[in-house]
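Number of protein chains: 2
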Amino acid sequence: MAQDMTLLWGSGSPPCWRVMIALEEKNLQGYNQKLLSFEKMEHKSQEVLDINSRGQLPSFKHGDVIVNESYAACFYLESQFKSQGNKLIPDSPAEQAPMYQRMFEGLTFYEKLSNSNPSRLFNTLELQNKGSSRSLFVYIFSFYTDAVIYYNWFVPEGERHDSALKRNKEALVTELKLWEGYLQKLGSGSHLAGPSFSLADVTVFPTVATLFRFGLSAEKYPKLGEYYALLKERPSVKASWPPHWLENPKGQDTLKDM
Amino acid sequence: MAQDMTLLWGSGSPPCWRVMIALEEKNLQGYNQKLLSFEKMEHKSQEVLDINSRGQLPSFKHGDVIVNESYAACFYLESQFKSQGNKLIPDSPAEQAPMYQRMFEGLTFYEKLSNSNPSRLFNTLELQNKGSSRSLFVYIFSFYTDAVIYYNWFVPEGERHDSALKRNKEALVTELKLWEGYLQKLGSGSHLAGPSFSLADVTVFPTVATLFRFGLSAEKYPKLGEYYALLKERPSVKASWPPHWLENPKGQDTLKDM
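Line by line, the protein sequences are chains A and B. Residues 1 to 258, numbered by full-length UniProt numbering, are exactly what the first sequence covers, in order. Residues 1 to 258, numbered by full-length UniProt numbering, are exactly what the second sequence covers, in order.
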């Protein structure tokens, strides 16, 4: 059990989900955890700021050790609990190299998703229409990429909005084809960096799951679809599935024509 | 010697520099390397695309293994050459945790720098004035963050330009204060994650060096200045110093009032 660990998290945030999957994989159930609301600005509460001066989720503490960045927490957990639960970094160079490579390409993948998802944009515009202040709007999106903030801030007009969205979508399609190709090469039933589940899956699966939640077509991207179907049944993934996705199993279909 | 390794790189690119420092630290001198020009679009040449379908630098190959993402290459080199050269990941949990944490905060630090550096913006505008196409301009900046691209694309007007630049600068100042505080807490002569040089330094130092090249004041940020002065004398850093910085030791003073 992991009673000396505390995780502050938000539902549906891929960075939070990464850490939760890693904790499950390392058999570290039973940690203290608190689900916070981005909408209520709870990621800027004193409770978070005490651990995380950036006011972001996840915020993670193990004893006196603080590791808030999601990738950092995943590396830390694997390193500190090497022989516990599932091994998340393979031994052989031939498997390690693609694992590291896909993990860090995964940051670009996540960024392209964040930039291209109009439902997030929609949420933002809603807030603006309700007369919320600019600073509120920035805070709410601070756990996504800066680019999303820029996008909304600088492009109020309809025309620019459309062209930017189109370009962002094209960038996401290019990215999706890359990952579809990676999986194609690896063959059926493979994980992201080879036959074994690894940190590459821990960090990138939440992005893939978000894509399908927002309507990505498994017919157009069959390898990603197969990968998603395989991983969503994995115990660590099921145990950490975003609770508001369970309540509302279907997100907006904003990515269906992607 | 490292004759089974090939690095394609660009001068002054922090991601490229990270890999070069790691190679030096692991005593992997003598690798094949080729300096390419972003301005001449050489990062989109067939030579690069053969290794790196994203057309980015660094592109790195070790035998048949390809690891292009700079953080991935640093992890890979440390893992494959653990007992060679300097140890870059400390053993103790107390040192490992801040190392991972600072490494990944370093990505945010780099992003804030990229967004805030008006000299890069200036170069872009120059290109636009010379009638270069939008796609050229995007390619040249594709090794920085998307946010830079957005910034230039969506904000042609002078007024918005100024306010965005102001906001980006404020975000960078906030970031600088965080890092100044981290170093302050660690005490004099420390490295980024504690007493020892680690992957945190390998990955974040190129950002710090870029800040000072563009005029950051060591009087305003004395701890960062001390850290910069310490690290720039380190053999691995000296051996990999960007060649065009040697030719023109002083960059534009765009960050001097930061």
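Take these hints with a grain of salt, some might be off.
As the list makes no split between identical chains, a pair holds if one copy fits it or if it spans any two.
[Said to hold, decoys possible] List time: in silico BS3-like cross-link candidates among lysine-lysine, alpha-carbon distance up to 25 Å:
#1 K44 <-> K166
#2 K87 <-> K44
#3 K185 <-> K44
#4 K177 <-> K44
#5 K232 <-> K185
#6 K44 <-> K169
#7 K40 <-> K169
Since the hints were derived computationally from the structure, they do not count as laboratory data. The model shown is predicted, which means the values in this text are computed figures rather than measured ones.
Consistency of the hints with the structure:
Taking the shortest Cα distances, K44 and K166 sit within 25 Å of each other only across copies (23 Å), while inside one copy they are farther apart (33 Å). Proximity of K87 and K44 under a CA criterion of 25 Å is satisfied in neither setting, with 34 Å inside one chain copy and 37 Å between copies. Only between protomers do K185 and K44 lie at most 25 Å apart by alpha-carbon distance; the minimum there is 23 Å, versus 43 Å within a single protomer. In this assembly of identical chains, K177 and K44 lie within 25 Å of each other by CA distance solely across copies; the values are 18 Å between and 37 Å within a copy.
Proximity of K232 to K185 under the C-alpha cut-off of 25 Å is restricted to the intra-copy arrangement: shortest distance 21 Å within a copy versus 43 Å between copies. When the C-alpha separation of K44 and K169 is checked against a cutoff of 25 Å, the pair qualifies only between copies, where the shortest distance is 22 Å, while the shortest distance within a copy is 31 Å. For the identical chains of this complex, K40 and K169 are neighbours neither inside a copy (29 Å) nor across copies (28 Å), given an alpha-carbon limit of 25 Å.
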